[in-house]
Amino acid sequence: MLLGGCLLPLRTLPKAVQIQPQMRAEQRQHRFQDTLRILAGTMPVPAHKETVAREAPSLDTAVTWCLQSGPSRASSALVAIVESHSERDSIYWEALFQLGECWALNGDYNRASLLLGEIAYRTYGVPPDVHQRALVRLGHVFCMRGQRQTAEQLFERLRRLYPTIPYRALADCRILR
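Residue numbers for the sequence shown follow the working numbering, beginning at -17 and rising by one.
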């Protein structure tokens, strides 16, 4: 059973997920590219009207920090966004996804798989776009960890749940080579 069947609603990060720098820059694996943004372009950040002006720049800034300086600074900002929003607000889910994405991009595959798994295995509450991206990125993380069969199961689930989305082209371990 993947990730212990974590299907319960999240209000804070899972206990197994701790925020602290894990790897020095020279230890990071640079093979893992942000294929979702490369192929699909910049994703719009869905949010309720009242939170767009207040929080979207913070989310954008955290994503920029992740890409430029690693997960430590970005993690703090993303966790603050998650903790200040309800699960009913789509920015909550976007921030959780971006935190998992940041960890994946910086080679922290264990944390990334825990957090992305929390999103990918939910059956309600997650905005469809975030759910689709979480399935793809979690599959990529499993590919990087050498768990291709598990990744293929996730990619098949994505194809079954969302037969017409553009992310289908990214649902393949070979895209990471």
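Derived from the structure by calculation, the hints contain no laboratory data. For every residue, glycine included, the Cβ atom is placed at its ideal position computed from N, Cα and C. Among these hints, one or two may not hold up.
[Stated by the list, open to error] Computed Cβ-Cβ distance ranges for the label pairs, DEER-style:
1. R55 <-> N92: 16 to 22 Å
2. R156 <-> A62: 17 to 23 Å
3. S68 <-> L143: 30 to 36 Å
4. R55 <-> R141: 32 to 38 Å
5. L158 <-> S54: 21 to 27 Å
6. S66 <-> Q135: 15 to 21 Å
7. G107 <-> R156: 30 to 36 Å
Evaluation of the provided hints:
1. One distance hint, 16 to 22 Å for the beta-carbon pair R55 and N92, holds here, with the actual separation near 20 Å.
2. Separated by about 37 Å at the C-beta atoms, R156 and A62 break the suggested range of 17 to 23 Å.
3. Taking 30 to 36 Å as the suggested C-beta distance range, the pair S68 and L143 does not conform, at roughly 25 Å.
4. Taking the beta carbon of each, R55 and R141 are about 36 Å apart, inside 32 to 38 Å as hinted.
5. Between L158 and S54 the CB atoms are about 24 Å apart, so this pair conforms to the stated range of 21 to 27 Å.
6. Between S66 and Q135, the C-beta spacing of about 34 Å breaks the proposed range 15 to 21 Å.
7. At about 32 Å, the beta-carbon gap between G107 and R156 stays in the expected band of 30 to 36 Å.
This entry does not satisfy hints 2, 3, 6, going by the numbered hints stated previously.
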